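> Heads up: the protein sequence lines correspond to chains A and B, in order.
Position one of the first sequence corresponds to residue 1 (my numbering), numbered consecutively onward.
Position one of the second sequence corresponds to residue 1001 (my numbering), numbered consecutively onward.
Certain hints may be false.
Ranges between beta-carbon positions, derived for each pair [stated by the list, open to error]:
(1) A/Asp-141 <-> B/Tyr-1239: 38 to 46 Å
(2) B/Val-1434 <-> A/Pro-524: 39 to 47 Å
(3) A/Trp-388 <-> B/Phe-1272: 15 to 23 Å
(4) B/Trp-1514 <-> A/Leu-43: 32 to 40 Å
(5) B/His-1021 <-> A/Leu-147: 21 to 29 Å
(6) B/Trp-1514 <-> A/Ser-71: 40 to 48 Å
(7) B/Glu-1173 <-> A/Ile-224: 30 to 38 Å
(8) A/Arg-515 <-> B/Ile-1040: 52 to 60 Å
(9) A/Leu-147 <-> B/Ala-1022: 51 to 59 Å
(10) B/Val-1065 <-> A/Pro-524: 58 to 66 Å
(11) A/Thr-127 <-> B/Val-1065: 38 to 46 Å
(12) B/Trp-1514 <-> A/Arg-515: 17 to 25 Å
(13) A/Met-29 <-> B/Ile-1211: 32 to 40 Å
(14) B/Ser-1071 <-> A/Met-29: 54 to 62 Å
Within a straight-line C-alpha distance of at most 20 Å, the following computed DMTMM-like cross-link-like pairs (lysine to aspartate or glutamate) qualify [said to hold, decoys possible]:
(15) A/Lys-372 <-> A/Glu-46
(16) B/Lys-1243 <-> B/Asp-1518
(17) A/Lys-243 <-> B/Asp-1146
(18) A/Lys-104 <-> A/Glu-377
(19) B/Lys-1243 <-> A/Asp-518
(20) A/Lys-378 <-> A/Glu-46
It should be emphasised that the hints constitute simulated quantities derived from the structure, not laboratory data.
If you're wondering where the values come from, they're calculated on a predicted model, not measured in any experiment.
For glycine and all other residues, C-beta sits at the position ideal for the given N, C-alpha and C.
Protein chains: 2
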Amino acid sequence: MWSQLSSLLSGKMDALATSDHASVVSMNMFVALLCGCIVIGHLLEENRWMNESITALLIGLATGVVILLISGGKSSHLLVFSEDLFFIYLLPPIIFNAGFQVKKKQFFRNFITIILFGAVGTLVSFTIISFGALSIFKKLDIGSLDLADYLAIGAIFAATDSVCTLQVLNQDETPLLYSLVFGEGVVNDATSVVLFNAIQSFDLTTIDHRIALQFMGNFLYLFIASTILGAFTGLLSAYIIKKLYFGRHSTDREVALMMLMAYLSYMLAELFYLSGILTVLFCGIVMSHYTWHNVTESSRVTTKHAFATLSFVAEVFLFLYVGMDALDIEKWRFVSDSPGTSVAVSSILLGLIMVGRAAFVFPLSWLMNFAKKSHSEKVSLNQQVVIWWAGLMRGAVSMALAYNQFTRSGHTQLRGNAIMITSTTTVVLFSTMVFGLLAKPLIMFLLPQPKHFTSCSTVSDLGSPKAYLPLLEGHQDYEVDVGNHDDGTEPTIARPSSLRMLLNAPTHTVHHYWRKFDDSFMRPVFGGRGFVPFVPGSPTEQSTHNLADRT
Amino acid sequence: MWSQLSSLLSGKMDALATSDHASVVSMNMFVALLCGCIVIGHLLEENRWMNESITALLIGLATGVVILLISGGKSSHLLVFSEDLFFIYLLPPIIFNAGFQVKKKQFFRNFITIILFGAVGTLVSFTIISFGALSIFKKLDIGSLDLADYLAIGAIFAATDSVCTLQVLNQDETPLLYSLVFGEGVVNDATSVVLFNAIQSFDLTTIDHRIALQFMGNFLYLFIASTILGAFTGLLSAYIIKKLYFGRHSTDREVALMMLMAYLSYMLAELFYLSGILTVLFCGIVMSHYTWHNVTESSRVTTKHAFATLSFVAEVFLFLYVGMDALDIEKWRFVSDSPGTSVAVSSILLGLIMVGRAAFVFPLSWLMNFAKKSHSEKVSLNQQVVIWWAGLMRGAVSMALAYNQFTRSGHTQLRGNAIMITSTTTVVLFSTMVFGLLAKPLIMFLLPQPKHFTSCSTVSDLGSPKAYLPLLEGHQDYEVDVGNHDDGTEPTIARPSSLRMLLNAPTHTVHHYWRKFDDSFMRPVFGGRGFVPFVPGSPTEQSTHNLADRT
C-alpha cells in the first residue's frame, strides 16, 4: 500500500507539513473541533439516536458548509483527505486497538464463525458487488471503467464500518452477538484491504484460470504471512519484556516498548510488502494475550487506556475528516451536469451492498445454528437482522480505497472516476447517517432489554470494553480461569450430530488443543496470565500500598 | 518559531513524508534502534557510568559510522535533522511532561529561587557567552558573523540539558537539589527559546537604548503572555472535565481531551506568535494541579504514564538523532581545511559555558543561603558544584537553535556558519559524553549516600517521579494536605533578618496567599485535590472492586 501510494501522494503531505500560519490556523480549528466532538458526543451519550461517529460526521459537514461559505465556494476542508495520513497514522491505531481489546475467549471460541463471516462473507459480498456493478453500470453512461475498476469497486464497498452498531450493542448482555459483529468487522477491514492490494498488484486486463489461481494464491499468501509476522512481533515483545522484566525499573520503558513494537510490526509488514493492517491486528491480539500480562499494574492500565484513547481520537478524527471532505466542491462539479446518473449509481451500490450482505449473513447464520446444539448459542432471526444491519454502514476505509483507486493525488479528470468518488461519498454519508441513526432504535426494537441504555455502566468505555482486574492477577486467578474455560454459556459438548460435529467439534477441539499447547509451552516461554514471575517488592505490589503525597 | 521556519523547512518534512520503500527501510531501522536503545539502556541501568541519553547518543554515533561506511561516505543519517520535527513533535511532549510531573509543592515553595536560576541565570549565562564570543572570535578567522549571530550564539549555548544529571539525582534523598536542577532546567529551556525568538524578530544591526528596551519588553511580553495562555488552557480543560464529569461515561474521553487540550495550548501559542514551549509547560503544571484530580483513577494512571512515556521516547529519539546527525559529512567538509580553528572555537565555547554558569550559580546560591535561616534548607558547596555541573551539558535544544540560525533548510554555504554548526555539534557531543559520563561518579563522590543507586525503588520511573496514591484521594487527604503545607523541612519562619526577610518572606507570603486563594476560589471552581465531586457508584469506586474476568 505504502509503496504504491508513495510517488502519488508525497505532494499531499506537504499540505500537512507546510507550517505557514494558515496551516497553524487550520490545525487549531481542527484540534478545537476534535475537542468539540468529544464534548458534544459526551452530552449526547444518552440520546436515543445519536452516537459519537454521527456527531463527528455532522460537525464535519457543518464546518464544511461554514468553510464553503467563508471561502466563497472554493474549498470545504481544513485538510485534504490523504490516504497516507489515513493508512499510516489513523488506521493502524484503530486496528491495533481492536486486536488489543478483543475479548479473546469469545473471539477464539467463535474463531471459525468469525473467519467465515469476516473472510468468506467479505469475498461473497465482494463478488456480488463487483459483478452486480459490472452488469448494471454498463447500461448507464458513466465513462470508461475496466475490469480492475469493477473488482476494486467490489473491494471498496465490501469494507464495512460497524463502529456505529458496536457503540449500541452491549457486550455483557449479548456477548455472542457483540463478538460476532466486532470480530467480523475487524477481519472484514483486513480482508478488504488485502483484497484491494491483491487486485491492484495484478494485471487483470486479461483473465484466465492461471491468473485467477495466482490471485487467490497471492491473497492467501498476504493473509497468512501478515498474520504470522504480527504474531511473531507480538511474541518477540512478550519475550523481551518477560526476560528483562522491565517493571523492576520503569513503567515507561515497558509502555514505550509495547508502543514501538506495535508500530514496528506495522512498518515491517510494509517493508515486506505485506498487509500492515492484518499484521498489526494480530500483533495486538498476541500482545494482549502475552505481553500485557508480563508488565506492571500501572503499565497495564496505561496501555489499555492509552491505546483505546488513540483509537478513539483516530475514529473521531476520521469521521470529522470525512464529513468535511464530503462537500469538496471540485469533485461535485464533474457530476453536476448529470445528477441523475450519480443518484442512480449511489442507489444501485446501496442496493448491492444490502443484497451482498444478506447473501452471506443469513445462509452462514443458518449453517452456524445448524451446527450448534444448545439453544443459547443459536442466533435468532432478530439477531441475524442485527448482524446484517451492523455491516451495512460504509466508512473511512471505503473512502480511502476509493481515493486510491480513482484519483491521482486527490484529483481526477475522468468523468467515470469523478462519479465513483462522489458515489462513494454519497454511500458513506447516507449509510452512516441513515442506517447508523436507525441502528439504535432498531436494536432496541429487535433486542428489547431493560438495562440496555443505562449510562452509568462501568463498561461503557468506548472501544475499551474490558473492565480491568487490579488485584486478582495471580496464580489463583489463573486456576479459576483454567477450570472455567467453558465459561458457563454452554453446559456440554456431548452428542453432536454429524454436520454439527463437522463444524462444531473442530472449533472446540482446536480451542482445546490450543489451550493445552498454550499452557504447557507458550505461556511458560512468553508469559501471560499466571506465568508472570512474581517478584516480592516489585512495583506491582508496592504501587497499591504506596500512599506518598503527590503535590 | 513555526512561522519563521515555515518556508525554509517545508522541504524537509518531505524526507519524512515521502513514503517510498527507502524511507520505509529507514523508519524500520530507526524504530528498531529506538527499541534497542530502550533495551540496552535498561541493561546498563546499574552501570556506574552510563545512562539512557549517553547510550542513545553512542548507538546513534555507531549507526552513523555504519551508514557512512555502507553509503561510501555519502551520508550518515537515516533522517535529516529538522527543526520542524524537533519543535513540533519532540520538544512539546518533553516540556509538557516536565510541567505535568513537576513536584508542585517543591516547585512553588522554591519558585523564586527557580525563577532566579532559570530566568536570571540564563540571562547572565547568555550575556557572558555572547560578549565573550564577540570579543574572542573576532581575533580568530571564522568568517563573517554579525551582532545578531553573536547574540544567537549566547542563546544557543545558554540552553542547558540537565537530563543526564536528573537521571542520577534521587529526588527523595535530595528533594531541594532535585527540585532546583529540574525546575531550573525547565525554565531555562523556555527562557532560551523565548530569548532566541526575541533576537530573531529584532533588527539588531544598530543597537541603542530604545531597541534594548523594546527587546526587553518583547521578551517580557512573550514570557508573560505565554504563561497566561498556558494557564488559561489548563484551567479550561479542568473546568470542562469537572463540569461534564466525563468519568461517568468514559476514561478514554478524559484522556483524549487532556491530550488534545495540551496540544491545543501549544498550537494556540503558535497562532498568537507566542512561545509554545512556555505555554505547554504551564499548561502541564495547571493540568496536573487541577485537571488531573478531576478525572477517574484509570485516567490518572494512564495520563501520568502515557505522558511520561511519550516524553521518554522523544528524549531517546532526540539523542539517537543527534548522534547520527553528528557525523553528517557535508558540514565537516567546510572545516576540514582548518581543523585548528574549529577545535579552538569549540574549546572557547566550552570555557565560556563553564564560566557563564559559574557566574550565576555560586553568587545566586550564596544569596539564597543568606536568605535561609534553617541549616537544612541551605545549599552546601558540594551541592552548588552539583548544580553547576548539572547545567554544563548541552543538548538537542542547542542543536535545533543552531540549525535554525546558521543553516537554510539544513544546508549552509558560508564558512562562518559551517564552523558554528560543527562547533555546536562538538560542544553537544563533548559535553554530553564527557560531562555526562562524569556526572554519576561526581555526584557519588560529592553527595555520598548509601542507598543512592539501588534499583528496586518504586520511584525510579524515568521522568515520572511521583508515586501515585490510589485510594486516599478524598476530603480526608485534603485536610491532611492543608494542615501540612509547611511539610516539616522548615520548623518556623520566625525572626528573619532584613535581607533574609526581603528574599524569604515574599516566597512564603506569596505561597501562603496563593494557597488561600487556591483553596477558597480556584479549587471549588476548577476542581483539584479534595474538590472532586464524589459520585457513588462512579467508575473510580467500582474499578477497584470490579473483578470481572479479562480474557
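> May I ask which of the numbered hints given earlier this structure violates, with the numbers listed in increasing order?
1, 3, 7, 8, 9, 10, 11, 12, 14, 15, 17, 19 and 20
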